[in-house]
Amino acid sequence: MTKLALLLLLLSPTLHAFEWGGKMWGNSLSKTSHLFQEETQHNGGARIFAKYKPHESWQFSLETLGYAIQTPLLIMPNKDLKRGETFLEFNQLSLLYKTESFRLKAGRQITSWGKSDGLNPTDFLSGKRNLLLVTDDALTRRGHTSASLEWTPSSGASPWSFEFWYVHEHAYSDVLLNSGLTKNVITLRDQELFQEQEYAFKLNYLGEGFDFDYIFYRGVNKTPLLTEQSRNLLPLNITLKPIHVRQESHGLNLAKDFETFIVRTELAYHRRLDTIANADAITNPDRLDAVVGFEKSVGDNHRFNLQAVAHHYPDYQRSPSNDQITRSVQNINLLLQAQHQETRLGSLIVYQYEPLELNQFKFKFSWLNYFHYESAQLFTPQFDYLWTENFHLSVYALIFEGSSNTPLGVLKDLSSIGFGASFVF
Amino acid sequence: MFLFLLLLPSFIFIDESIAQKWTAKDVMAKNEKARQTLSLKAEGKIIIDGGTRKRQEKTFTWWRQIQKDQIHFNTLTIFHTPATVKNQAILFLESSGEKNEILMWLPTFKKTRIIESSQQNSSFMASDFTFSDITALQNEDYTFKEESLETCPNLAQVKCYKINSALKNPQSAQRLGYHKLILWIRQDNSMTDRVHYLDQNNKIFKQLDTTQPVAINPGKFFFTKLEMKNLTNSQFTILEFANVDWKTAIPEARFYKQKLGKDD
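Sequences listed follow chains A and B, in order.
The end of the first sequence is residue 425 by this note's numbering, with every number in the run present.
The end of the second sequence is residue 1264 by this note's numbering, with every number in the run present.
If the Cβ cut is set under 7 Å, some of the chain A residues that face chain B in the computed set are:
no. : residue
1   : D137
2   : T152
3   : S161
4   : E389
5   : V424
Okay, derived cross-link-like pairs now, DSSO-like style, lysine-lysine, Cα gap no bigger than 27 Å in a straight line:
no. : chain 1 : residue 1 : chain 2 : residue 2
6   : B       : K1099     : B       : K1257
7   : B       : K1110     : A       : K128
8   : B       : K1247     : A       : K98
9   : B       : K1111     : A       : K364
10  : A       : K53       : B       : K1110
11  : A       : K362      : B       : K1111
12  : B       : K1111     : A       : K222
13  : A       : K128      : B       : K1262
14  : B       : K1041     : B       : K1110
No lab work stands behind these hints: they were computed from the structure.
Just so it is clear, the structure is predicted and the values come from calculations on it, not from any experiment.
Glycine included, C-beta positions come from ideal geometry on N, C-alpha and C.
Between the sequences and the hints, there should be enough to build the whole structure, so can you do that?
Below, the structure written as structure tokens:
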């Protein structure tokens, strides 16, 4: 007994420096066109994080995400999700060292750039697990293997800070292809990763009631281009390989408090360094993305967010091709990369109702609407019931609308309703 | 007997004159001085209960430091439980007038968010306290008026100065969430015993009671138990502090906006 007490006493500083937590979840999504029939996706898993801080200057972080997907709704490179697949990914496995002015972090880590809620055109380093079809950002955001150095002058007191990033293994976003559209015709190969290292420089100023960032980024596009690897005409089968192409981007971020509301805005200009003739649908994919958002809280429970959204290709010309299959591949990329229009204007409206008490329904409604030159929309209503502080039940929907030649409209068949439960610990 | 009757009015007169010696302005100046603790760290707990709602508890670590102007404070709160708010941090930087800043670190989103200044009157972590309730009262923002000297509501053996506090700038009511305060200031240590919050119709809608003071420096005190009652719906929130450490200096960098969330 005395030995145990002594051991606990010796370990107590170590235990005090250690913390952990996580989330377990399970979801079931059913296509609105085939409610409660065979076309239902199930996914579930656990996100576990741990931190060990043996000293004020040092910290070790670990975050793993283990999950399983069983779905006929989507196809994924080299996976047969109908039978179910399990995944184990490290979001974080990093070592942090910091002083008053410097912060050095290396390993697997997650970044979340961009000031606005909703769309973040300047979130250059992140990839998304689109296949999960969940609304929790902490589950969908993918980590990258990188080293970052942050410097804040005047022993950390300066409003200016400078960040330098080297990404050895970049993050990527899952290609979201509707299995119904591509059944038996397209075989997807594994994504080609590690093609390019990434570099980024971020300048940040934190003023009184406002802050802004400028980011320079050189890396790859996170949603890959599909390139043709092989074709078989009888029966028709095209093997596509997703590849990541190089790009350079400049980003600007601004958030300002106007007392009764907040403005958060992001601008990003992407310059593509590579074009692939038989995959790219347009000759010059350089693009400007902009969002300007107004956010306002009403009382303790209600929050509104209105974003104006614009995407523009300054030099827009379709790539000519006489080959029908090449044109088909280009058309898939046209939608995947949202290059079907020279200019797209839209809006994102988000309303959240968050009661302060337990045993209440929480509601979030998000409506992304492109109205200029196209009519395409995505509605995502979500109800959460807070059973206890840790246990939540949810009902949510992903409703895609629009014509089939728009990036959102092409996923119309994917519209689904989901039920889920989560436990946070 | 006749002589006594003759003297009685003069005794009453003398007693009133003693009572009139205090001024609300002086009492509040002493109160401001008594709560000007240089810096302290404490472990806190919020208990939210009452009315029809289910009891909730949140635990946190709390750092507070006076700014160079010796009036305003910087406050940092980092939550530990429940798991849904683990490592969520709120940095409150007080400033003159309407320019207080609130920044929030959201670990799930890995983002620091600026909160609208007008949201200072919104609930602090689902409790009956607002963000502005947990900041220090800035004497410069109020006009004080003497009401009476009476027994303290929370401590029968001590006398309290009852003071009416009106906002100098009526527009501040939007930010603070009230129009007027009635304060009971303890005669023995100049600390606040009770506060009534009044709306635009002079109706009391909230009541704050402070108990269990800890003397942390000569003439300076910190209350380790604060109870806020919402008088309109019987809900209440208890804010408790333990392990109060005022001896260990807190580095100024703890309150730098740039440092918020940098441990995640």
